[in-house]
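Student: Protein chains in written order, with the working numbering: chain A, 1 to 158; chain B, 1 to 158.
Because the hints were derived from the structure by calculation, they are not lab data.
Each hint should be verified, as a subset may be incorrect.
What the hints assert, rightly or not - DSS-like, lysine-lysine: derived pairs with alpha carbons at most 25 Å apart: (1) Lys148(B) - Lys23(A); (2) Lys115(A) - Lys130(B); (3) Lys24(A) - Lys28(B); (4) Lys148(A) - Lys74(B); (5) Lys115(A) - Lys116(B); (6) Lys115(A) - Lys115(B); (7) Lys115(A) - Lys129(B); (8) Lys74(A) - Lys24(A); (9) Lys28(A) - Lys148(B).
These numbers were taken from a predicted model, which means no experiment stands behind them.
2 protein chains.
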Amino acid sequence: ARPRVGYFYTGKTGTQLLAESMKKLTVKDYQSIPVVISENVSVYDAIVTIFLEDVGTVFVTDDEHHLAGVLSRKDLLRASLGQQELSTLPVNIIMTRMPNITMCEKDDLLIDVAKKLIDTQIDAVPVVKKTNSGYEVIGRLTKTNITKAFVALAEQEG
Amino acid sequence: ARPRVGYFYTGKTGTQLLAESMKKLTVKDYQSIPVVISENVSVYDAIVTIFLEDVGTVFVTDDEHHLAGVLSRKDLLRASLGQQELSTLPVNIIMTRMPNITMCEKDDLLIDVAKKLIDTQIDAVPVVKKTNSGYEVIGRLTKTNITKAFVALAEQEG
Numbered sequence: 001a002r003p004r005v006g007y008f009y010t011g012k013t014g015t016q017l018l019a020e021s022m023k024k025l026t027v028k029d030y031q032s033i034p035v036v037i038s039e040n041v042s043v044y045d046a047i048v049t050i051f052l053e054d055v056g057t058v059f060v061t062d063d064e065h066h067l068a069g070v071l072s073r074k075d076l077l078r079a080s081l082g083q084q085e086l087s088t089l090p091v092n093i094i095m096t097r098m099p100n101i102t103m104c105e106k107d108d109l110l111i112d113v114a115k116k117l118i119d120t121q122i123d124a125v126p127v128v129k130k131t132n133s134g135y136e137v138i139g140r141l142t143k144t145n146i147t148k149a150f151v152a153l154a155e156q157e158g
Numbered sequence: 001a002r003p004r005v006g007y008f009y010t011g012k013t014g015t016q017l018l019a020e021s022m023k024k025l026t027v028k029d030y031q032s033i034p035v036v037i038s039e040n041v042s043v044y045d046a047i048v049t050i051f052l053e054d055v056g057t058v059f060v061t062d063d064e065h066h067l068a069g070v071l072s073r074k075d076l077l078r079a080s081l082g083q084q085e086l087s088t089l090p091v092n093i094i095m096t097r098m099p100n101i102t103m104c105e106k107d108d109l110l111i112d113v114a115k116k117l118i119d120t121q122i123d124a125v126p127v128v129k130k131t132n133s134g135y136e137v138i139g140r141l142t143k144t145n146i147t148k149a150f151v152a153l154a155e156q157e158g
């Protein structure tokens, strides 16, 4: 049957169309540039980096430039309340470390990463590329990126 | 013209339907409970509250329980690096104060609040109710709420 002008065949409801177009969004189109520090730097330097780069989360890499840890503003705030001297405390003492890091890859669906962020109650995940020897950090995916995707979806032209 | 079974008239594309259903979402269906402190408490107490309540932002109210300020983890981290004694420093010294507070109301569109969060680069806004004498804080709308709305949209049944 040939649809007339003004009608189109879908067999689908509006909400199904909506869900389908959301399921086409992938990490690589919404990710940000990652901010990465070495695991040998101090907590003080990590806090300075967080302010200079204006991010909520920094990723920590080892000597081979592989992902070793994640540090959030919350981790840093907790550390700053402690009795330790921040300029001599290395970040690898307080960071969340492998294998406890929630990650994603560039071809993952944005919706799946959004669920991970909600389920794990974190603000950001590293976008990684698996290599033989570890994970290379190639991006950052945050609730800000999801919020931007939400706005972009609502504003796109038909 | 009467549509046949399996066809339905819309005159609209999938993306237009998507944008329309997103424009029906309002703050009141996605907001969280606000965490509020008095402007007389110390920065130290504000940090403890942030951890106990596990939120990224607290709202500060004056003696008449009206919105007076906003404090984020970022503000508190900055203060914790300073030389001041946190337990004697009142929050009203470091908070973002009226009239510089970005706010929303319960009937605002979620999409408009999402844009505000992006444009102002903040993580959360208070949901307020205007009274004759000021703004009463009735909720909290964050990038986490937007991320949850994003997931809910993708998962709704047709």
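Student: If a hint holds in the structure, say so; if it doesn't, say that too.
Tutor: Each hint tested on the structure:
With a C-alpha separation of about 15 Å, the suggested pair Lys148(B) and Lys23(A) falls inside the 25 Å cut-off, and the hint holds. The hinted pair formed by Lys115(A) and Lys130(B) fails the criterion: a straight-line CA distance of about 34 Å is larger than 25 Å. This hinted pair does not check out: Lys24(A) and Lys28(B) have alpha carbons roughly 28 Å apart, beyond 25 Å. With a C-alpha separation of about 21 Å, the suggested pairing of Lys148(A) with Lys74(B) holds against the 25 Å cut-off.
In summary, the hint linking Lys115(A) to Lys116(B) is supported, as the alpha carbons are separated by about 23 Å, within the 25 Å threshold. For the given pair, Lys115(A) sits about 21 Å from Lys115(B) by alpha-carbon distance, which is consistent with the 25 Å threshold. About 31 Å separates the Cα atoms of Lys115(A) and Lys129(B), which puts this hinted pair outside 25 Å; it is violated. Under the criterion of a C-alpha separation no larger than 25 Å, the hint pairing Lys74(A) with Lys24(A) is inconsistent with the structure, at around 32 Å.
Between Lys28(A) and Lys148(B), the direct Cα distance comes to roughly 20 Å. Compliance with the 25 Å bound is thereby established for this hinted pair.
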